[in-house]
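Number of protein chains: 2
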Amino acid sequence: MTASREAFEARLRQIGADRYHDRHPFHKLLHGGGCTPDQVRAWVINRYYYQHTIPMKDAAFMSRVEDPELRRIWRSRIEDHDGTAENEGGIRRWLRLAEAVGLDPDYVASRRGVLPATRFACDAYLRFVRERPLLEAVAASLTELFAPKIHAERIEGLLANYAFADDAALSYFRKRLTEAPKDVAFGLAWVLDHADSAEKQDAAAAALEFKTDVLWAQLDALHHAYVTPAEIPPGAWQPDEGLLAGRAA
Amino acid sequence: MTASREAFEARLRQIGADRYHDRHPFHKLLHGGGCTPDQVRAWVINRYYYQHTIPMKDAAFMSRVEDPELRRIWRSRIEDHDGTAENEGGIRRWLRLAEAVGLDPDYVASRRGVLPATRFACDAYLRFVRERPLLEAVAASLTELFAPKIHAERIEGLLANYAFADDAALSYFRKRLTEAPKDVAFGLAWVLDHADSAEKQDAAAAALEFKTDVLWAQLDALHHAYVTPAEIPPGAWQPDEGLLAGRAA
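Chains as they are written, first to last, in the working numbering: chain A, 127 to 375; chain B, 127 to 375.
Read the hints as simulated data drawn from the structure, not as lab findings. Values in this document were obtained by computation on a predicted structure and should not be read as measured data. One or more of the hints may lead you astray.
Unchecked claim - Sample of chain A residues facing chain B (criterion: CB under 10 angstroms; computed from the structure):
no.	residue
1	F187
2	V191
3	H207
4	A250
5	R258
6	P259
7	L260
8	K308
For glycine and all other residues, C-beta sits at the position ideal for the given N, C-alpha and C.
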């Protein structure tokens, strides 16, 4: 039976409450100040790959949208990440965070040393958006519903606990506090409008669950490789690589 | 053997001289004033499908580009077609041409009545850009090298020969006179830089030939359906459909 708009929205929000990666031990370790500098660096390196994937994912979405108006609205997501004449964009802001934690931004941008599991998860998301119905692609983006809370926690936790953290280093998260709600308000309304059958509601919910898996799997991989028991897989970042000159490993 | 940059550019330009659709009988008929109003309308309806495809094709390209800088440069093509706050965009300008020739722009935007061969050709281009190496995708865009001439001929020929033609109706072509050279200067340099082996030069030349086929096939289909012998396939636009109120069929 097709759920009411309100009940379906509540179902989507419950997925975030149950599965969003703010519940992952690595997130708690990070914003609670329990990460070593190298663990923070490993997170910055791997999370860059996700940032790198997002505008490609959004372009893949646009390449399947036949309505110019929807493309125009969606385009702002790419602008937020890649930048415009007025806005340096999320990718450059992430590289400033990399620099702040002592990493060479060129090393980070090269995406060498990224964990294979990070690549697999992010590439799976790109492929999902390329191949699945538009409704599922939009539904997968709705993890942004839960993002402002995690960004606020990161800002607060990183500022409180790590010497590198200042406004410039954390500008990525601060900017997302205003960008993400704008995007997700549109995306949520679109999904509520278009999921007009029980089958579509199930498919949209499954897509959002899939996306929480994409995020969770990245933190699992980080935790396994760099926290406990630290078991860095072949080819992944080693704590003496990619540092800015003069920074201790 | 790898050709010199100059020789390779000459090879690409020769493809235009031999195969670009300014050599097609339908183009000559159109800009020479030999088309009936219905034949002009059939062209406007079918060519809209190509316009409709182009920003999706450009988004498909961006979805495969890993370099944020290249994505930023390419994004302006989507802006040119879909529009920005300051620029209504090529798709809306094409719909103004549709209105000027007496067609209901909503009918044209619906893409009903488009010839199957038009769809197949344009969809093949989208798929090509989705699947082929980036070099071939960029090379395919280089038909823009030959576009200013055909746009100028269209402006001149349409103004001289058709009552509907005025500056507002033809604004699409006038705008492309400045947009296309900017894009193609970048695309040509990129292809010349990246086609650094004989194999890649051959692949890029083949991609450009493929694209000339995409354009030529659309005019072949128009010519067969609406000129001589007029043989409109099932489901395609009939000269009494999609007209603005008060316009004779």
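Comparing the hints with the structure gives:
Against a cut-off of 10 angstroms between C-beta atoms, the interface hint on A/F187 holds, since the closest Cβ of chain B lies about 8 angstroms away. Taking 10 angstroms as the C-beta contact cut-off toward chain B, the hint placing A/V191 at the interface holds, the least distance being around 7 angstroms. Among the interface hints, the one on A/H207 holds; its C-beta lies about 8 angstroms from the nearest C-beta in chain B, closer than the 10 angstroms criterion. Given the 10 angstroms rule on beta carbons, the hint for A/A250 is violated: about 15 angstroms separates it from the nearest Cβ of chain B.
For A/R258, the interface hint is violated, the least distance from its beta-carbon to any beta-carbon of chain B being 14 angstroms, above 10 angstroms. Annotation: interface hint on A/P259 violated; nearest CB of chain B at approximately 16 angstroms, more than 10 angstroms. With 10 angstroms as the threshold, the beta carbon of A/L260 stays out of range of chain B, its nearest partner Cβ sitting at about 12 angstroms, so the hint is violated. Because the smallest distance between the Cβ of A/K308 and any Cβ of chain B comes to about 16 angstroms, over 10 angstroms, the interface hint for this residue is violated.
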